[in-house]
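K.L.:
Okay, here's what each chain looks like letter by letter:
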Amino acid sequence: MSDRILLDCGSGGRASHRLVADLFLKHLGNPELNRLNDAACLNLKSPLAMSTDTFTVDPIFFPGGDIGSLAVHGTVNDVSMLGAIPRYLTCGFIVEEGLETDVLARVVASMGTAAREAGVLVVAGDTKVVPRGMVDKIFINTTGVGEIFVDPTPSGDRARPGDAILVTGSMGDHGLAVLSTRQGLAFDTPVVSDAASLNHAIARLLRAVPEVHVLRDPTRGGLGTTLNEIAESSGVCCEIVDEAIPVRPEVRDGCSFLGLDPLYLANEGKFLCILPGELADAALDVLRGDPLCAGAVRIGTVTDAHPGKVVLTTRLGGARLLTMLEGEQLPRIC
Amino acid sequence: MHQTLLRQFRDPELCHTLLTRLRAELDGELRFMEVCGTHTVAIFQSGLRSLLPPQVVHLSGPGCPVCVTHESEVNAFLDLAGRPGVIVATFGDLMRVPGSRGRNLKSAQAEGARVAVVYSPPDALALARDNPGDTVVFLGVGFETTAPTVAGTVLMAREQGLSNFKVLAFHKLVPPALEVLLSDTEAGIDAFILPGHVSAVIGTEPYGFIASRFGKSATVTGFEPVDILESLLFLAQRRRQGRAEVKNLYRRVVSDTSNPRALEVMNRVFRPCDALWRGLGRIPDSGLEFTDEFEDVDAKRRYGLSIEECPPLPGCKCGEVLRGRLRPDQCPLFKKACTPAKPVGPCMVSTEGSCAAYYKYQVE
Ligand code: SF4
Ligand code: SF4
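Which chain is which? The protein sequence lines are U and D, in order. Note that the first sequence covers residues 1 to 334 in UniProt numbering. Note that the second sequence covers residues 1 to 364 in UniProt numbering.
One or more of the hints may lead you astray.
Heads up, simulated DSS-like pairs for lysine-lysine below, C-alpha to C-alpha not over 30 Å straight-line [said to hold, decoys possible]: (1) U:Lys45 to U:Lys26; (2) D:Lys300 to D:Lys106; (3) U:Lys309 to D:Lys300; (4) U:Lys128 to U:Lys26; (5) D:Lys106 to D:Lys335; (6) D:Lys106 to D:Lys336; (7) U:Lys309 to D:Lys342; (8) D:Lys106 to U:Lys309; (9) D:Lys106 to D:Lys342; (10) D:Lys336 to U:Lys309; (11) U:Lys26 to U:Lys137; (12) U:Lys137 to D:Lys335.
Examples of chain D residues lying across from chain U (beta carbon under 8 Å, computed) [as the list claims (entries may be wrong)]: (13) Ser50; (14) Thr291; (15) Phe294; (16) Val363.
Think of the hints as simulated: they come from the structure by calculation, not from any bench. Beta carbons: idealized from backbone N, C-alpha and C, even for Gly.
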């Protein structure tokens with residue numbers, strides 16, 4: 001194979017075949033994919049959860065992960081948040097002409113590892129190569145399907161007054177890791193992305209405590225945005241306590257240096273769980289038994305005080321709103 | 001700053017002690033204005049605002065450089081963005097500030113203008129180095145805090161022989177604006193909390209007139225809750241004693257004297273000029289323009305930009321808010337026609353703007 005991806009590789013001709021055989025089947029292969037039919041034959045029981053996401057992260061390699069594993073984790077997590085066991089993934093690649101074949105191979109290999117760990121099969125895929133400059137190196141779309149195993153499913157509109165709000169660990173790690181790599185900033189303690197597939201942890205949680213009302217992974221927009229979405233769609237107030245929200249010291253420092261708020265930074269390996277208050281301790285016990293959720297804590301309570309709003313109790317004991325972010329977080333003038 | 005030191009300045013117990021002492025010291029309504037947008041945000045973000053005694057009336061001043069950037073200046077940015085061969089380099093905050101017809105740099109960018117968000121003036125210089133065929137124009141907005149860095153970057157550009165780096169300079173100076181505010185009897189400002197960052201450059205001496213001519217007290221202070229509470233306590237004490245004083249309570253960062261290096265660089269590259277402030281109008285000697293030695297860097301001259309005074313956006317009460325005459329939530333457009341998603345005025349755009357702070361943080 002040539003050491004760079006050429007336009008030919010997306011042509012459907014021999015070059016594409018080589019790419020498929022040497023690269024995609026090698027890392028992602030499984031009996032269904034290996035048949036190379038026009039469509040995959042899936043063996044699923046209804047009801048199903050389905051989700052799709054497109055990954056354009058820049059840089060494509062960052063501390064703690066890369067665009068390939070992220071494309072698996074992201075969709076696996078989205079499917080899981082509905083109380084489903086993710087089973088199958090499809091992936092579509094848009095590759096910039098001239099990308100080193102090695103880079104693509106590393107990305108695909110990392111997807112393979114992530115998929116195996118999550119226990120999902122990649123059953124269909126597609127690659128397009130576009131002229132230089134039309135995309136930035138590589139974009140990946142993944143679609144996932146999974147079998148729902150709880151009824152009713154957790155949903156953003158099911159938070160009720162009296163519910164406890166839990167998070168499974170520190171906030172902002174992924175967002176700051178990506179941002180600081182993009183800006184070429186080095187901190188004393190390196191910040192590492194938390195990207196991980198959460199499906200096993202969620203299955204364990206829901207088997208033990210099926211009464212969970214809401215599950216969400218606070219990705220883009222972070223905890224602040226996610227809580228606001230929940231408060232709005234459930235018509236309740238999320239009251240959270242700043243001191244209880246876990247943020248790593250190095251993330252807090254990096255954020256204060258850049259003028260960013262960790263509560264708005266993306267997470268790719270944490271989730272938020274809202275459930276009846278009396279079940280909070282049981283849920284925390286189960287969660288803390290999973291290495292990915294070892295830092296699980298309760299950060300607040302759902303009330304009816306200010307419907308549709310998120311109210312934060314500060315370290316001083318004052319109260320303020322935590323609103324949805326308007327657009328991207330931008331570093332300030334001074 | 002060292003994190004443990006920072007934590008002391010956020011210590012909840014110390015804050016509550018200071019709050020009790022402040023309550024005891026108050027002899028009536030204390031209308032204080034914090035000049036700096038970072039203070040505005042700090043007061044809200046820490047939750048301090050919800051804890052202040054009701055007699056302490058908190059007014060947000062014109063201390064955010066984004067908020068005071070005049071409509072006509074934004075029009076000049078927009079006039080420049082999209083010209084062939086021009087890359088506009090700016091801090092992110094300016095992207096969404098509306099000009100007189102509601103357009104902003106974000107819309108200009110969507111229409112094809114080349115706009116780069118940079119984190120510092122030297123980043124803009126690097127951009128010029130990487131794009132020798134284009135001219136990079138940096139939007140020089142900010143107070144005494146940012147002007148020396150911009151001036152330093154202009155000197156660097158000259159040393160490196162980069163003639164494709166220009167600056168559209170709309171820097172503003174804080175003390176002249178305070179004079180205008182103090183002369184406004186309607187706002188009835190009793191005391192000021194002054195930005196530490198500005199004093200790190202100019203020292204405290206230029207603020208002396210607040211006490212000597214207007215008989216009001218002011219403190220230069222840091223951005224932590226303990227800093228702000230100590231300042232309020234000091235201001236309340238002085239008033240009860242019937243004395244006016246300008247005091248630096250931020251000695252851990254700011255010395256009383258100016259930073260001569262920074263001032264020298266700033267004064268070599270810039271000289272004072274009249275400037276237009278959003279909401280406050282034209283204030284003599286409150287802006288900075290290039291000295292003759294650096295006229296080749298001046299984007300205004302290079303592109304023949306005229307700064308035409310244009311009326312404020314209809315309905316916008318930013319002027320009243322910036323003067324402390326009106327609380328943001330008293331503006332009829334607040335949360336209605338004017339939200340962070342569709343800001344009518346810059347006080348709603350800027351992350352440090354007072355309307356945005358009310359919108360974002362005020363619980364009810
Ligand atoms: S520019 Fe500096 S002085 Fe002005 S509001 Fe921002 S932090 Fe304060
Ligand atoms: S609410 Fe909007 S229009 Fe009113 S003062 Fe604030 S920014 Fe200006």
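K.L.:
Now, for every hint given, state plainly whether the structure supports it.
P.N.:
Results of checking the hints against the structure:
{"no.": "1", "hint": "U:Lys45 to U:Lys26", "result": "29 Å, holds"}
{"no.": "2", "hint": "D:Lys300 to D:Lys106", "result": "21 Å, holds"}
{"no.": "3", "hint": "U:Lys309 to D:Lys300", "result": "45 Å, violated"}
{"no.": "4", "hint": "U:Lys128 to U:Lys26", "result": "19 Å, holds"}
{"no.": "5", "hint": "D:Lys106 to D:Lys335", "result": "22 Å, holds"}
{"no.": "6", "hint": "D:Lys106 to D:Lys336", "result": "22 Å, holds"}
{"no.": "7", "hint": "U:Lys309 to D:Lys342", "result": "20 Å, holds"}
{"no.": "8", "hint": "D:Lys106 to U:Lys309", "result": "28 Å, holds"}
{"no.": "9", "hint": "D:Lys106 to D:Lys342", "result": "12 Å, holds"}
{"no.": "10", "hint": "D:Lys336 to U:Lys309", "result": "17 Å, holds"}
{"no.": "11", "hint": "U:Lys26 to U:Lys137", "result": "21 Å, holds"}
{"no.": "12", "hint": "U:Lys137 to D:Lys335", "result": "42 Å, violated"}
{"no.": "13", "hint": "Ser50", "result": "4 Å, holds"}
{"no.": "14", "hint": "Thr291", "result": "23 Å, violated"}
{"no.": "15", "hint": "Phe294", "result": "22 Å, violated"}
{"no.": "16", "hint": "Val363", "result": "5 Å, holds"}
In this structure, the earlier hints numbered 3, 12, 14, 15 are contradicted, and the remaining ones agree with it.
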